[in-house]
Amino acid sequence: MASATLNLRVQPFRLLTKAEAAHYCRRSLKKFEAQCPVRPLAMADGDRLWDVQDLDRWIDSLKGGDATDDDAIVARLG
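Start counting the sequence shown at 1; every next residue gets the next number (full-length UniProt numbering).
Hints in this document: simulated from the structure, not taken from any laboratory.
Some hints could be false.
Quick list of in silico lysine-lysine cross-link-like pairs, PhoX-like style, CA-CA up to 25 Å [claimed, not checked]:
| hint | residue 1 | residue 2 |
| --- | --- | --- |
| 1 | Lys18 | Lys63 |
| 2 | Lys30 | Lys18 |
| 3 | Lys31 | Lys63 |
Label-pair restraints from in silico Cβ distances [unchecked claim]:
| hint | residue 1 | residue 2 | range |
| --- | --- | --- | --- |
| 4 | Gly46 | His23 | 18 to 24 Å |
| 5 | Leu77 | Ala19 | 37 to 43 Å |
| 6 | Asp45 | Thr5 | 27 to 33 Å |
| 7 | Glu33 | Ser61 | 29 to 35 Å |
| 8 | Ala44 | Met1 | 51 to 57 Å |
| 9 | Met43 | Asn7 | 30 to 36 Å |
| 10 | Met1 | Lys30 | 46 to 52 Å |
The beta carbon of each residue, even a glycine, is placed where N, CA and C say it ideally should be.
Given the sequences, and given the hints that come with them, work out the whole structure.
Here it is in structure tokens:
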């Protein structure tokens with residue numbers, strides 16, 4: 001019987017610091033600052049945090065479509 005190894009990476013937080021958001025998007029901090037249009041959330045204590053879901057939407061838009069649109073997915077399935 002063949003065996004396989006599965007490597008799963010789980011993001012434990014929904015809100016990320018700038019460095020974590022850049023890493024999540026596989027961008028250097030400098031490239032992330034220049035390329036990412038996603039605005040961070042301003043927390044009451046002054047922290048600025050990026051929402052993973054907003055980052056995912058931005059990445060999906062780079063692929064030329066909104067992968068979160070359920071109706072579009074169903075329409076493509078026929």
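Violated constraints from the hint list, given by number and in increasing order
6, 7
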